[in-house]
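A.B. asks: First to last, the sequence lines map onto chains L and A. In terms of this note's numbering, the first sequence opens at residue 1 and continues consecutively. In terms of this note's numbering, the second sequence opens at residue 1 and continues consecutively.
Be aware that a few hints might be false.
When the alpha-carbon atoms are kept at most 25 Å apart in a straight line, the in silico BS3-like pairs for lysine-lysine are as follows [what the hints assert, rightly or not]:
#1 L/Lys232 to L/Lys80
#2 A/Lys342 to A/Lys148
#3 A/Lys10 to A/Lys342
#4 A/Lys148 to L/Lys232
#5 A/Lys148 to A/Lys96
#6 A/Lys255 to L/Lys61
#7 A/Lys342 to A/Lys102
#8 L/Lys379 to L/Lys228
#9 A/Lys75 to A/Lys222
#10 L/Lys61 to A/Lys102
#11 A/Lys96 to L/Lys228
#12 A/Lys130 to A/Lys114
Treat the hints as calculated values from the structure; they're not laboratory data.
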Amino acid sequence: MAIPLTYNLRNLVVRKTTTLMTALGIGLTVAVLLAILALVGGLRSSLQASGNPLNVLVMRKGTNAELSSGVTRANFQDVKFKPGIAVSSSGQPLASLEMVSVINLASVDAPDGTNVTLRGITPTGIGLRDNLKLASGRWFDPGKREVVVGESIEKRFPAARVGQRLHFGRGDWDVVGIMSVGRGTTNSEIFGDLNQVSSDFQREDALSSVLVRATDLVAAQALINDIKNDPKLNLDALSEEAYYQAQTGSGIVIESLGIFVSIIMGVGSSFAAMNTMYAAVARRAQEIGTLRVLGFSRGSILLSFVVESVLLAALGGLVGCLLVLPLNGLTTGIGNFITFSEIDFNFRVTPQIMAMGVAFAMILGSVGGLFPAASASRKEILAALRGI
Amino acid sequence: MFRFLPFVIKNSWRNRRRTALTILSISVSLALLGVMMAVYYAFYLSDAPPSQALRLVVRNRISLTVPMPRYYREKIRPIPGVREVGISQWFGGVYKDARDPKNFFARFAVEPEKILAIRSEMQVPEDQKKAFLHERTACMIGRPLAEKQNFHLGDHIFIQGDIFPVNLEFIVRAIYDAPEDNENLYFNVEYLDQALGAGKWGEIGTFYVLADSPESVPRIAKAIDDTFHNSPAQTKTESERAFALSFVAFLGNVKMILISICAAVTFTILLVSANTIAMSVRERVQEVGVLKTLGFTRGTILSLILGEAVAISAVGGLLGVLLASGLCWVVRNGPAFMDDIKHLSIQPPVALMCLVVAAGIGLVAAFIPAWNSSRIPIVEALRSDE
Numbered sequence: 001m002a003i004p005l006t007y008n009l010r011n012l013v014v015r016k017t018t019t020l021m022t023a024l025g026i027g028l029t030v031a032v033l034l035a036i037l038a039l040v041g042g043l044r045s046s047l048q049a050s051g052n053p054l055n056v057l058v059m060r061k062g063t064n065a066e067l068s069s070g071v072t073r074a075n076f077q078d079v080k081f082k083p084g085i086a087v088s089s090s091g092q093p094l095a096s097l098e099m100v101s102v103i104n105l106a107s108v109d110a111p112d113g114t115n116v117t118l119r120g121i122t123p124t125g126i127g128l129r130d131n132l133k134l135a136s137g138r139w140f141d142p143g144k145r146e147v148v149v150g151e152s153i154e155k156r157f158p159a160a161r162v163g164q165r166l167h168f169g170r171g172d173w174d175v176v177g178i179m180s181v182g183r184g185t186t187n188s189e190i191f192g193d194l195n196q197v198s199s200d201f202q203r204e205d206a207l208s209s210v211l212v213r214a215t216d217l218v219a220a221q222a223l224i225n226d227i228k229n230d231p232k233l234n235l236d237a238l239s240e241e242a243y244y245q246a247q248t249g250s251g252i253v254i255e256s257l258g259i260f261v262s263i264i265m266g267v268g269s270s271f272a273a274m275n276t277m278y279a280a281v282a283r284r285a286q287e288i289g290t291l292r293v294l295g296f297s298r299g300s301i302l303l304s305f306v307v308e309s310v311l312l313a314a315l316g317g318l319v320g321c322l323l324v325l326p327l328n329g330l331t332t333g334i335g336n337f338i339t340f341s342e343i344d345f346n347f348r349v350t351p352q353i354m355a356m357g358v359a360f361a362m363i364l365g366s367v368g369g370l371f372p373a374a375s376a377s378r379k380e381i382l383a384a385l386r387g388i
Numbered sequence: 001m002f003r004f005l006p007f008v009i010k011n012s013w014r015n016r017r018r019t020a021l022t023i024l025s026i027s028v029s030l031a032l033l034g035v036m037m038a039v040y041y042a043f044y045l046s047d048a049p050p051s052q053a054l055r056l057v058v059r060n061r062i063s064l065t066v067p068m069p070r071y072y073r074e075k076i077r078p079i080p081g082v083r084e085v086g087i088s089q090w091f092g093g094v095y096k097d098a099r100d101p102k103n104f105f106a107r108f109a110v111e112p113e114k115i116l117a118i119r120s121e122m123q124v125p126e127d128q129k130k131a132f133l134h135e136r137t138a139c140m141i142g143r144p145l146a147e148k149q150n151f152h153l154g155d156h157i158f159i160q161g162d163i164f165p166v167n168l169e170f171i172v173r174a175i176y177d178a179p180e181d182n183e184n185l186y187f188n189v190e191y192l193d194q195a196l197g198a199g200k201w202g203e204i205g206t207f208y209v210l211a212d213s214p215e216s217v218p219r220i221a222k223a224i225d226d227t228f229h230n231s232p233a234q235t236k237t238e239s240e241r242a243f244a245l246s247f248v249a250f251l252g253n254v255k256m257i258l259i260s261i262c263a264a265v266t267f268t269i270l271l272v273s274a275n276t277i278a279m280s281v282r283e284r285v286q287e288v289g290v291l292k293t294l295g296f297t298r299g300t301i302l303s304l305i306l307g308e309a310v311a312i313s314a315v316g317g318l319l320g321v322l323l324a325s326g327l328c329w330v331v332r333n334g335p336a337f338m339d340d341i342k343h344l345s346i347q348p349p350v351a352l353m354c355l356v357v358a359a360g361i362g363l364v365a366a367f368i369p370a371w372n373s374s375r376i377p378i379v380e381a382l383r384s385d386e
């Protein structure tokens, strides 16, 4: 027969100082783990939100990034009239020639500057980004030195706000609007008129990529094969979704750091939990004897103390969740080695990662509680009753 | 006061299991703190190695990916304090298969005689040096890279271009030894120019500048940037160390992450030791009464308990520093991808800091329980049934 749970709960309440201190220690460990998971989770969700499976990205063969790719205007004409590309209401193929470069701007975290993606684009290209809308201001005018910045850029780069001017290419550019795309990576890009940007960088015929919208998934795959196998083109194509999927590796450095740190902190906290539970066992020797006399088996005692330790740790896990909740939605940025620029995103403290945090805490608790519980269950009835 | 030292030690060893667990817990957490502080120290506090301290990197102000005219070299050369200028171009490219990160290593197009002068800490045998200087398709690689990829002198390395639309084949003619930055491939920029076609490319990604003394580095940086202030391409010049750190900053707000982790770890240790001390003090209220009856003053009792706490956490700290050295070894031999991390070790200032933190935590953690127990009236203490 199992000892009722209320026995454990009451015991935790009676020793509230010790309980709180141990729980807080475990809570901090969980908080470190959750903060890193929320960071990496935010990054991944931003990349996952970025690709549309119907969009096909065309780059030069041998490259895996728009930044190191190169396409010419002649390439664009060839790609544009391939079969399987959707057409706009005015009958134009939905194909967008784009130029990508990187500019260095001072961010709130890096006053010495960090890299940001600059994209020369046309209205067709803007139309190919799902859910992209203007948050404030207006779009750039073709032929003018004007740019629109993503909403994360606006938050993290003081120099890139509406009304400010950025200096790159051959002169100053006015920031005229802010765009927003839900969670996608366009939030961390700067858009300008394709012709103006490419002429400023003296790259009128050395552009970066072509993005096309296929009519359906089957057509998308056919289009990819068609472009890949066209001997005239020397181009490679992949779905936009796959392109962003490949970038999720960016968070791996921070993620492994986080896991390394939380495991070591976890070892430390489970020792602390062990200490607390040993003290609990020592103080309750007589109670344990009484429980045995009442007929509870050694197994029940063992289980009861492990459960108490797990409860204690779960409380710590909840404390950890509370500690990281304020991070939720905070915008941060980390470097993406494929685009060689910063990708900005929000911390995401999701129910899943909170559940992971509590589970991690409960593992710590069960490890920490096992030995003390075993020593409690081994106590001889008489010795225990005498309080030795 | 050392009169009571044996008493303090005896007391702390009374509940062996608790003391051992506390020491273990503190030492594991402190080891982590030590490693984090070592990383912080390596990135932000340690001096640049002597070879690096003389070098500057010039790039286009817009960003590293935007090139600048090659003729800038001729304008940088006469700036006072400049001993040598060399061009360096990131070639990028793909070796074998880009999907396997093991195939990634840095490839730079350089002027062979300049790179050997500017990176004078590189050790290359004379005959290999000669071959690298004279053969256009020759390349020079770092020894650790050669060992990792199993490259030998005379081997051919085929690199498919990505940034540049050309594929290049190099012959390994020299292998260099250097304390840092030793996993690069250097090749002659003339080979790249030739492959791209004559007169096609008059630009370059970066210039490396060698200064005559570490003191003139900031002045040269300013002089170079001032020279090109009104040019079509403005420059940004920084010390090689600052240039390397900009890649660390690229990983994310590393400083902030390190500081937050350190704070969380320190606070956890504080909780653990406070809890332990509180538990052991609670058990000994009667004893405190006895000590008081024997004539021990409040101050002595306070310092006895504080001393015990500091002793326990200092032992934890010492063990922690040892463990941290072990962890640094793991990091060095593990997935170290940056030069600063490849040499990660616990420097004396970091070790000292760890011990100070440990002892400080012991003091702070024990203060409230020690204070309270030293103030319990004798009668109440003696009557305590714990």
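A.B. asks: Taking the hints in turn, state whether each one holds.
C.D. replies: Each hint, compared with the structure:
About 14 Å separates the Cα atoms of L/Lys232 and L/Lys80, which keeps this hinted pair within 25 Å; it holds. Using a Cα cut-off of 25 Å, the hinted pair A/Lys342 and A/Lys148 holds, with the two alpha carbons roughly 15 Å apart. Between the alpha carbons of A/Lys10 and A/Lys342 the distance comes to roughly 43 Å, so the proposed pair goes past 25 Å and is violated. Distance hint between A/Lys148 and L/Lys232 is unfulfilled; the C-alpha atoms sit about 38 Å from each other, more than 25 Å.
Between A/Lys148 and A/Lys96, the direct Cα distance comes to roughly 14 Å. Compliance with the 25 Å bound is thereby established for this hinted pair. Under the criterion of a C-alpha separation no larger than 25 Å, the hint pairing A/Lys255 with L/Lys61 is inconsistent with the structure, at around 38 Å. For the suggested pair A/Lys342 and A/Lys102, the alpha carbons sit about 17 Å apart, so the restraint of at most 25 Å is met. Restraint check for L/Lys379 and L/Lys228: not satisfied, since their Cα atoms lie roughly 74 Å apart, outside the 25 Å limit.
A distance of roughly 14 Å separates the Cα atoms of A/Lys75 and A/Lys222; the hinted pair therefore holds under the 25 Å criterion. Restraint check for L/Lys61 and A/Lys102: satisfied, since their Cα atoms lie roughly 21 Å apart, inside the 25 Å limit. Under the criterion of a C-alpha separation no larger than 25 Å, the hint pairing A/Lys96 with L/Lys228 is consistent with the structure, at around 19 Å. As the CA atoms of A/Lys130 and A/Lys114 are separated by approximately 13 Å, the hinted pair is consistent with the 25 Å bound.
When the structure is compared with the earlier hints, violations turn up for hints 3, 4, 6 and 8 and for no others.
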